[in-house]
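Chemist: Going down the list, the sequences are from chains A and B.
Going by the numbering used here, the first residue of the first sequence is number 1, and it counts up by one from there.
Going by the numbering used here, the first residue of the second sequence is number 1, and it counts up by one from there.
Misleading hints may appear alongside valid ones.
Chain copies aren't distinguished; within one or between two, either way the pair holds.
Below, computed lysine-lysine pairings styled on DSS-like, alpha-carbon distance capped at 30 Å [claimed, not checked]:
1) Lys287 with Lys225
2) Lys97 with Lys265
3) Lys22 with Lys308
4) Lys86 with Lys160
5) Lys197 with Lys161
6) Lys249 with Lys208
7) Lys161 with Lys208
8) Lys308 with Lys161
9) Lys197 with Lys249
10) Lys197 with Lys267
11) Lys208 with Lys160
12) Lys136 with Lys208
13) Lys208 with Lys223
14) Lys256 with Lys36
It should be emphasised that the hints constitute simulated quantities derived from the structure, not laboratory data.
There are 2 protein chains.
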Amino acid sequence: MAKITILGAGAMSSAISIPLIKNRNKVNIWGTEFDKAIIDKLKSDQPHPTLNMIIDANFFYSDQLAEAIEDSEIVIFGVVSSGVRKIAQMAKKFLKKQIIVNVAKGFDNGQTMVEVLEQELPDLPKVVVAGPSNAKDVSQSQNTTVVFASSDVHAADICKKAFQTENYSIEISDDSNGAEICSSLKNVYGILIHSAKTDNERSVLFVKSLEEIGIFAEACGGKLKTVYGLAGAGDLYLTQWGRNGMLGKMIADGKKPSAALEELKAKNITVEGYAATKAAVELAKSKNLNLPLLESAYNLLYRDQPFKI
Amino acid sequence: MAKITILGAGAMSSAISIPLIKNRNKVNIWGTEFDKAIIDKLKSDQPHPTLNMIIDANFFYSDQLAEAIEDSEIVIFGVVSSGVRKIAQMAKKFLKKQIIVNVAKGFDNGQTMVEVLEQELPDLPKVVVAGPSNAKDVSQSQNTTVVFASSDVHAADICKKAFQTENYSIEISDDSNGAEICSSLKNVYGILIHSAKTDNERSVLFVKSLEEIGIFAEACGGKLKTVYGLAGAGDLYLTQWGRNGMLGKMIADGKKPSAALEELKAKNITVEGYAATKAAVELAKSKNLNLPLLESAYNLLYRDQPFKI
Numbered sequence: 001m002a003k004i005t006i007l008g009a010g011a012m013s014s015a016i017s018i019p020l021i022k023n024r025n026k027v028n029i030w031g032t033e034f035d036k037a038i039i040d041k042l043k044s045d046q047p048h049p050t051l052n053m054i055i056d057a058n059f060f061y062s063d064q065l066a067e068a069i070e071d072s073e074i075v076i077f078g079v080v081s082s083g084v085r086k087i088a089q090m091a092k093k094f095l096k097k098q099i100i101v102n103v104a105k106g107f108d109n110g111q112t113m114v115e116v117l118e119q120e121l122p123d124l125p126k127v128v129v130a131g132p133s134n135a136k137d138v139s140q141s142q143n144t145t146v147v148f149a150s151s152d153v154h155a156a157d158i159c160k161k162a163f164q165t166e167n168y169s170i171e172i173s174d175d176s177n178g179a180e181i182c183s184s185l186k187n188v189y190g191i192l193i194h195s196a197k198t199d200n201e202r203s204v205l206f207v208k209s210l211e212e213i214g215i216f217a218e219a220c221g222g223k224l225k226t227v228y229g230l231a232g233a234g235d236l237y238l239t240q241w242g243r244n245g246m247l248g249k250m251i252a253d254g255k256k257p258s259a260a261l262e263e264l265k266a267k268n269i270t271v272e273g274y275a276a277t278k279a280a281v282e283l284a285k286s287k288n289l290n291l292p293l294l295e296s297a298y299n300l301l302y303r304d305q306p307f308k309i
Numbered sequence: 001m002a003k004i005t006i007l008g009a010g011a012m013s014s015a016i017s018i019p020l021i022k023n024r025n026k027v028n029i030w031g032t033e034f035d036k037a038i039i040d041k042l043k044s045d046q047p048h049p050t051l052n053m054i055i056d057a058n059f060f061y062s063d064q065l066a067e068a069i070e071d072s073e074i075v076i077f078g079v080v081s082s083g084v085r086k087i088a089q090m091a092k093k094f095l096k097k098q099i100i101v102n103v104a105k106g107f108d109n110g111q112t113m114v115e116v117l118e119q120e121l122p123d124l125p126k127v128v129v130a131g132p133s134n135a136k137d138v139s140q141s142q143n144t145t146v147v148f149a150s151s152d153v154h155a156a157d158i159c160k161k162a163f164q165t166e167n168y169s170i171e172i173s174d175d176s177n178g179a180e181i182c183s184s185l186k187n188v189y190g191i192l193i194h195s196a197k198t199d200n201e202r203s204v205l206f207v208k209s210l211e212e213i214g215i216f217a218e219a220c221g222g223k224l225k226t227v228y229g230l231a232g233a234g235d236l237y238l239t240q241w242g243r244n245g246m247l248g249k250m251i252a253d254g255k256k257p258s259a260a261l262e263e264l265k266a267k268n269i270t271v272e273g274y275a276a277t278k279a280a281v282e283l284a285k286s287k288n289l290n291l292p293l294l295e296s297a298y299n300l301l302y303r304d305q306p307f308k309i
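Only chain A is shown next, with the shape it has when bound in the complex (with noise of 0.2 Å):
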C-alpha cells in the first residue's frame, strides 16, 4: 500500500487509477487547467465522462498540486505529452524523493518523455509505463500486460507492487530509451499502417514498421528485444482500434488526411501521432537515419501525399 499521485485526469490516467485502488494504495489525481470539469464530476462522485465509471479517489484542482503531491512516494504523468515539461517544472518544488512514473507517450522539442523528465526533475528515478493498454480496457479490469522499463529496476519493482493485479500484469525492463521510442513511435506507423487500403499490404507495412521503429530505438540506445515484444510489436498492434489507427482508416477511405484531421480536431479527438511524425522526422534527420516509412507518413500528414508502398 502507497501513497500515489496521478497527474492528469484524462482517459488513461484515469484509468491506471484502477488497478491501484484495487490494490489498496492511496489514491490522489491531479487535474490540469483544462481537466477542470472531469475533477467537478469526478468530485461529486459521478462518472468520469470519458470512462463513464465512478472513481473512488481524492481529487486535486489545478491550484491544488502541492497538496496532491505532499506526501506521496510515486507521481504518475498522466497529461498529453507537450504538457509533460510545464507540469514537470511546475511540481518541482513539491517533489523531494518520490519515484516518477511516465504514462505519455509522444516527443517534446526532439526529446523523448523520460528525456524531457531527466532534464527537468534530474535527481528522482523515473518508470515507463510501455505496452499495449488501452484506457477503457485497463479501467474495466480487463486483462492487460503492459511493460514498466527503467534504468533503475528498483524503481520499477516498487510500482510493480503497487499497481500489479489479477488483471493488470507488469513485466520489467531495463530498457526505458527502447520502450519510449516504441511509445512514441507506435503512433506515427499506425496511422500509415491504417491508411493502407488492403490486408496483404497493412500486414507487409506493420512488419516494415516494426523494422524502421528498431532502427531508431538502437540509434538512441534501446534494444531490438523491446521493439520486438509488448512495448512495441504489442502496442502497434493496438494501435488499429485506436485513434492514430482512425485518422488511418480515415485516409484509407478516401479522406484527405488535412481534412481527416480537421474532422478529428472539431470533434476534439487528439491524434497524438500527428505532432509525433514531425518530431520523429527532425529526430532522425538529426541522427542521420534513413526511414522510408516515416518519411512517407510525413509526406501523408503534412503535405496530403498518398502513399505508394
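Once you've looked at the hints, dock chain B against the given chain A.
Modeler: Chain B only, in chain A's frame:
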C-alpha cells in the same frame, strides 16, 4: 518467361497464377478431383468461383497430371496441406528436374510441407512461399510482399524472376524451415488471438504467440529473423482478416468452439488451423517444447475449454 504448372485450383493457387501470367509465363493449372467444377468453369472462360475473375491459363483435369506437368520448369503445390503427400506421390513419375514451390500451409503426419516434399521428391529443389498474402489481394494485383525461402537460393532466384511483378514483391530467404513453421503455426495462434474479447488481450496474445512460434521455429532449425519478419509477424497479423481469425472471432462472440467449427464446416469453409493445432501439439511434444499458448489453443478447439490468459 517460364513454363509453370500449378497443382490445385483453389483460391490461393489460382490467385498466384495472376502475377505469373502478367509476367508472360506459360501457366498450366491442374485441378484435383475436388476441383472439377472449377476447371469446368475456367476452361469455358467463366470466372473462378471464389476469385470471381477469368484466368488466362491452360487448364487440366485430375486425370491429366502428366500433360499438365510435361515440359514445366516450375511446379507449384497449391493443394490443401493434407493432400500434398498424395499429389507428390502421383506427380513423382512425371517430374524430372523441376523446381518445386510450396504454397500449402500446415502439417501432415508430424511433418511440415517441405519435409513431406523432401521425403517424396528428394532430388528436386524446393522453394517455400510464406508471408502475408491473401488470395483476393493477389488476384486483384494489390501490393503484396512475400518471402521465397529455400536452402537452394539459386532455385529461389529463378522463381523470383518468374513471379515478381510491380505489385507482387519477393524477398529471398534461406530459412525454409523457419518459414514453414511460421506459415503453419500462424493459423493456430491466429485462432487463439482472435478468440480473446478485448483489444489489450489480443495485442498481448499477438506478442506472446510470436514468442512461442520463435521457440518452435528455432527447435526446428529455423531463425528468429524469419519469425519476426513477413513470414511470421506479417502472416500472423493477416489472420485477423482470414478464416482462422474468423473462427476465433466467433468464439470471442460467445460461440462454443465445437459449434463454431461445425457452422464453418457446414459452409464449406476449411479452417486449416484446426488440424494444424493437433499436429503442432504433437510435434512440440516430440521436441519437448513447453508452449502454454499452444496448449491453450488445443484445449480450446479440442476440449471446448475457454481460454484464460
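Chemist: Hint by hint, say whether it matches the structure.
Modeler: Results of checking the hints against the structure:
Taking the shortest alpha-carbon separations for Lys287 and Lys225, both the intra-copy value of 21 Å and the inter-copy value of 25 Å come in at or below 30 Å. Taking identical chains as interchangeable, the C-alpha atoms of Lys97 and Lys265 are never at most 30 Å apart, the minima being 39 Å within one chain and 62 Å between chains. Taking the closest pair of Cα atoms, Lys22 and Lys308 come within 30 Å of each other only across two copies (20 Å); inside a single copy the shortest separation is 48 Å, beyond that limit. In this homomeric assembly, Lys86 and Lys160 come within 30 Å of each other (Cα to Cα) only inside a single copy, at 27 Å, whereas the closest approach across copies is 55 Å.
For a Cα distance limit of 30 Å, the shortest separation of Lys197 from Lys161 across copies, 27 Å, qualifies, whereas the shortest one inside one copy, 43 Å, does not. In this assembly of identical chains, the alpha carbons of Lys249 and Lys208 lie at most 30 Å apart whether taken from the same copy (18 Å) or from different copies (26 Å). For a Cα distance limit of 30 Å, the shortest separation of Lys161 from Lys208 across copies, 23 Å, qualifies, whereas the shortest one inside one copy, 36 Å, does not. Taking the shortest Cα distances, Lys308 and Lys161 sit within 30 Å of each other only across copies (23 Å), while inside one copy they are farther apart (47 Å).
Both within a single protomer and between protomers do Lys197 and Lys249 lie at most 30 Å apart by alpha-carbon distance, with minima of 8 Å and 22 Å respectively. Taking identical chains as interchangeable, the C-alpha atoms of Lys197 and Lys267 lie at most 30 Å apart whether they share a chain (24 Å) or sit on different chains (28 Å). In this homomeric assembly, Lys208 and Lys160 come within 30 Å of each other (Cα to Cα) only across copies, at 20 Å, whereas the closest approach inside a single copy is 32 Å. Taking the shortest alpha-carbon separations for Lys136 and Lys208, both the intra-copy value of 29 Å and the inter-copy value of 22 Å come in at or below 30 Å.
In this assembly of identical chains, the alpha carbons of Lys208 and Lys223 lie at most 30 Å apart whether taken from the same copy (17 Å) or from different copies (18 Å). In the homo-oligomer, the alpha carbons of Lys256 and Lys36 never lie at most 30 Å apart, since the shortest distance is 34 Å inside one protomer and 47 Å across protomers.
The structure fails to meet hints 2 and 14 from the earlier list, while all remaining hints are met.
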